[in-house]
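Protein sequences, first through last, are from chains A and B. Under the working numbering, the first residue of the first sequence carries the number 1, and numbering increases by one thereafter. Under the working numbering, the first residue of the second sequence carries the number 1001, and numbering increases by one thereafter.
Hints should not be assumed to be uniformly reliable.
[Said to hold, decoys possible] Label pairs and their in silico Cβ distance ranges:
no., chain 1, residue 1, chain 2, residue 2, range
1, B, ARG1064, A, ALA164, 28 to 38 angstroms
2, B, ASP1193, A, VAL98, 44 to 54 angstroms
3, B, ARG1132, A, ILE20, 19 to 29 angstroms
4, A, ALA109, B, ALA1030, 54 to 64 angstroms
5, B, VAL1021, A, ALA109, 50 to 60 angstroms
6, A, GLY3, B, ARG1181, 21 to 31 angstroms
7, B, GLY1044, A, ARG6, 38 to 48 angstroms
8, B, ALA1030, A, SER157, 41 to 51 angstroms
9, A, VAL225, B, THR1095, 35 to 45 angstroms
10, B, ASP1193, A, VAL231, 46 to 56 angstroms
11, A, SER157, B, TRP1172, 50 to 60 angstroms
[Stated by the list, open to error] Here's a subset of chain B near chain A, in silico, CB distances under 8 angstroms, partners left out:
no., residue
12, LEU1055
13, LEU1057
14, ARG1077
15, PRO1085
16, GLU1087
17, GLY1088
18, GLY1089
19, ILE1091
20, ARG1093
21, GLU1098
22, PHE1102
23, ALA1109
24, LEU1163
25, VAL1165
26, ALA1232
27, TRP1238
Hints listed in this document are in silico derivations from the structure and should not be mistaken for laboratory results. Using N, Cα and C, we set each Cβ at its ideal position, and we do this for glycine too.
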Amino acid sequence: MWGYVRLELTRTLRDGGYVIFGIVMPVVMYLIFTNLGLAPGDRHDAAIYTMVSMAAYGALGGAFNNGSGIAEDRAAGWLRQLRLTPLTPAEVVAGKVVTGAVAVVPSIAAVLMAGVLVNHVTLPPQRWLAIVALLWAGTVPFSLLGLGNGYRLSGQSAAMANIATMLTLSILGGLWVPVEKFPSWLGAIAEWTPSNSYAGLSWRIAFGDVPTLRQVVLLSAWLLVFGVYAVYGYRRAGRRA
Amino acid sequence: MTTKTADAVSLTSATKRFGPVRAVDGLTLAIPRGQTVALLGPNGAGKSTTIALLLGLLPPDSGRAALFGLDPEQAVRQGLAGAMPQEGGLIPRVTVRELLTFVSGTYAAPLPLDRVLALARIEDLRDRRVDRLSGGQAQRVRFAMAVCGDPDLIVLDEPTAALDVEARREFWDGMRGLASRGKTILFSTHYLDEADEHADRVVVLGHGRVIADGTSAEIKRAAALTTVSVAADGESAWLATLPGVRHMEIRGGRVHLRSGDSDATVMALARAGAVRELEVAPADLEDAFVALTTKENA
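Modelling step: build the complete structure from the supplied sequences, incorporating the hints.
What follows is the structure in structure tokens.
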């Protein structure tokens, strides 16, 4: 299985979509937002708040991109080819999930590094650890949603659906513009999105608060929904393979 | 223990339906180890479905498929089989070397990479990106994926369909090397000359059933298609009643008799004093194939 993960990571790093949506854009947007005074609060708070937002946005890009890869692989007959090797289907699925989990790391790391090196963000070590852990683990629901789309839809439409979902969740979840600046009706919707709970966990930690129970419960509920969706997509794809 | 003695491939009354179509219809086929077998049939004869059943890619609706006495999926897990589907299986953004290193790594005892590259004649492509290969090159890489794990059974679904004449010849040179190492090889093909030339045994499929099974010589004989022809001279209808003759046709001033026993037909022609510009042409497999499959349709 590790050979499979290695192959998939090699392919991911050579994927322009991943590099642009998962790494370059979040870093560039972070630097623009914070240095042109477009972010809320004073300069120091804005650098921290937007760092979490853009790291979350990049991680979403990486997570959804991994799901699009599944649709591409299915169209190329690669999933069938894998079934003709000694790898078990469980190893293939596990390998893809591990790949997704590893692929979001550079996205998160790139923005946090930009925060430290360019915007001189300083936080106590335990907050850094908690933020990295939550930003990383919190991608699982989005990975599952991306994989569900990848299994259920064909190559091009899966990629389109994943990019559209990723952008919608990023904007609606307040990753680009804080929810406080939304009109109230939009803000009400935003509070129910998985992306708002996901980034919210780390926003709270970054400013020395404890995540709210609501954020944890909401993200867990979405995890369940997207998990069911991914299993449904996988079963459907299996019947057609 | 069963795996030591069982046939490499065994299908027993296997049936697979797609909606109202019986793609494979009660098919029984056993291939002993070490044989090179061609699966021959027109489009829609059930070749690819048969291959999918025996590799465990599709479950049969009824009947049973086994490889080396094992459930096909289990045999694939143990690295006993390698296969090249009719199309696909190549992914973008990896080099030939990276791809084959990965596939080899899933097997317990793969061939060394250099051997695989030589066998598939892709030594010069090892650092090329898989998505930048020509059709013929891609086909050789797909072949390399099927053989790199050094499996005992190699299944190839229309391996040369996309290749030009030169590439086909090179492909079969590589295959001969494999067969001489005691591998069991099953390939499907449209190219009748390939079945004739490269297989120990030819299995002809039509409508999901085996309609002929034997050496290519046996198939031609079974199809009764040696053509005996003589120059036409007056009333010729009586020639159709000669021993062995199954079909008569008059064209280009000659009488063409298709015979199941060309010796008897020629002797009878001689006794009747009807030997004029005699020609005896053995059937090629193409004729046999057409005859067998049209007989099936009738």
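- Message: Output the indices of the hints that this structure fails to meet, ascending.
- Response: 1, 11, 23, 24, 25, 26, 27
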